[in-house]
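Asks: Each chain, written out:
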Amino acid sequence: MTQAPFGEFVAGARARGTLVVQPRMGFSDPGRMRQGLARTRAADAVTVGTLTLDSYTRVRDLDAARRALAEGVTLNGYPICTHPPETTRGVLDGIHDASFPVQVRHGSPRPEHIVAALLGLGLDATEGGPVSYCLPYSRTPLAEAVVCWRTACEMLAEHTGDGRVPHLESFGGCMLGQLCPPAVLVAVSVLEGLFFARHGLRSVSLSYAQQTSPQQDLEAVAALQRLAGELLGPIDWHVVLYAYMGVYPLSRGGGLNLLEAAARLAVTSGASRLIVKTAAEAHRIPTVADNVEALEAAARAAATATAPPPGPPAADSEVYAEARTLVHAVLDLHDDVGTALLTAFRRGLLDIPYCLHPDNAGRARSFIDHDGRLRWGDTGALPLGGAAVSAARKVTSADLLAALSRVRRAYDSGGTA
Amino acid sequence: MNSMPGTPMPTVLVTGTSSDAHTWNLVYLQLLLEEWGHEVTNLGPCAPDDLVMGSAVELRPDLIVVSSVNGHGHQDGLRLVQVLRARPELVGTTIVIGGKLGTDGLRNVGQVRRLLAAGYDRVFDDGDVNAFRDMLARPPVRAVS
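Residue numbers (this note's numbering), protein chains in the order written: chain A, 447 to 863; chain Z, -4 to 140.
No lab work stands behind these hints, which were simulated from the structure alone. Warning: the hint list may mix true and false statements.
What the hints assert, rightly or not - Ranges of calculated distance between the beta carbons of each label pair, as one might list FRET restraints:
# : chain 1 : residue 1 : chain 2 : residue 2 : range
1 : A       : GLY699    : Z       : GLN77     : 22 to 30 Å
2 : A       : ARG513    : Z       : ARG133    : 35 to 43 Å
3 : Z       : ASP45     : A       : ILE681    : 56 to 64 Å
4 : Z       : GLN77     : A       : LEU677    : 48 to 56 Å
Stated by the list, open to error - Here are some chain Z residues the structure puts well away from chain A; computed CB gaps all over 12 Å:
#  : residue
5  : MET4
6  : GLY39
7  : GLY66
8  : ARG82
9  : GLU84
10 : LYS95
11 : LEU111
12 : ALA112
13 : VAL124
14 : ALA132
Given the structure is predicted, the values throughout are model-derived calculations rather than measurements. Glycine residues also receive a C-beta, built at the ideal position from the N, C-alpha and C atoms.
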């Protein structure tokens, strides 16, 4: 199979001024998965492919994945460790090549089995991270996730050379999808990118998920790029934007408008790649047709937006100042980024609002301010003295629901954030 | 909903299923139940069956609320309730499940029937807070403990 270095493909598109768009797509049926990849490739857009894995594979419950396949139960993604390798080669054959890289997306805090499977198939692009795939999505101890992700990074890095440049994307820009202040998203993405680089990766991407204020989002992506430039050193890196990851609009028009806002934000903020959401997002696991529609709508919207001038962004914003403080507070704890992350979470120097994981301090609280910006209601032990702009007020279930559904309501009623 | 004087409000164990990583549904349910006066323990997302069972045996809640939105709720919920009902301590505990339980966004009557047959007392549609509140206001939940 001709190798298709993921980072190189994205850099090439960027040099031509084109945003790369990518679905979140995974089906348990190999035929449908192949059709999804083929139609992503054929979409009227510059695309990369995705194999999104199922939840059983993510939590390493491979018995459950095997049983489900045997009983003909539909899974919520592609069980890469369960289908025989020749089946998956059949899915990729003639589709995955130098003009169409394919990334494996999964969500596992203990990903070694997934990394082994994808490397065995000739794939070498995936995503996640010791914090971003552990705290929001598992009960796995953070210390165990750090050990597992060190191993996973080293497994990927070993395959560097002979035309192959394994690529790893940090999922740190998501962290529960919504209501996490951007400074923490930027800090976790940068710290995971550093973790990947220290463990041998030569090509990484840093993520940021669209939130509730377009201005704050612009500041966040600028901060992410500036900190990456300051800290990552001479490796290949780019920024990937996620279309809104929270409660999605119910209406077709609202959903597409939100996606198009994300595509324009990706271009104006200087991101290189966008992962789309579909108009069907709020209702079901999207179909292939839903995904193709979203990819093409995003590409059309991106073409109407103007990219910033080249060079490092002028990022002297509140988000940059807070994110920089957080990143350096963590890096000052230990030379090893993984060890530093563990200490930081233990002391509450990093704290994800509303995250229920036992290793998260859980003292920080956030809210959406009148201007739409995410702000701190309580900074807990975060080193952001004075950043909390309101006294910690008890959040009711109605407040929470209103905040979670703010973007849905705005877009479903024909407006924007 | 206020507690009757002298009647302790039922205690509640809230949990996701073993393969479900979603958190907001669980945070919301906890706040809602606490506002209604219940004492809540929240196991969070991706709780393995054994952890749910062990926590339930230890805490002896009056009500176990299983919430799932990742499309695997039917399979995971079915397996979980069998593990829970196999423990003699939990035979009389009220156990309910709700959320988006399948991958296609459709209510499946056969699957609901199987969940009920396997041991759930109620299966709630996604977002049906009113039915959930009505259940909490009535026996058997309030009679247990």
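Asks: Look at each hint and say if it fits the structure.
Replies: Verification of the supplied hints:
| no. | hint | result |
| --- | --- | --- |
| 1 | A:GLY699 <-> Z:GLN77: 22 to 30 Å | violated, 44 Å |
| 2 | A:ARG513 <-> Z:ARG133: 35 to 43 Å | holds, 37 Å |
| 3 | Z:ASP45 <-> A:ILE681: 56 to 64 Å | violated, 42 Å |
| 4 | Z:GLN77 <-> A:LEU677: 48 to 56 Å | holds, 50 Å |
| 5 | MET4 | holds, 16 Å |
| 6 | GLY39 | violated, 4 Å |
| 7 | GLY66 | violated, 4 Å |
| 8 | ARG82 | holds, 21 Å |
| 9 | GLU84 | holds, 23 Å |
| 10 | LYS95 | violated, 8 Å |
| 11 | LEU111 | holds, 19 Å |
| 12 | ALA112 | holds, 18 Å |
| 13 | VAL124 | violated, 9 Å |
| 14 | ALA132 | holds, 17 Å |
In summary, the structure is inconsistent with hints 1, 3, 6, 7, 10 and 13 from the numbered list given earlier, while agreeing with the others.
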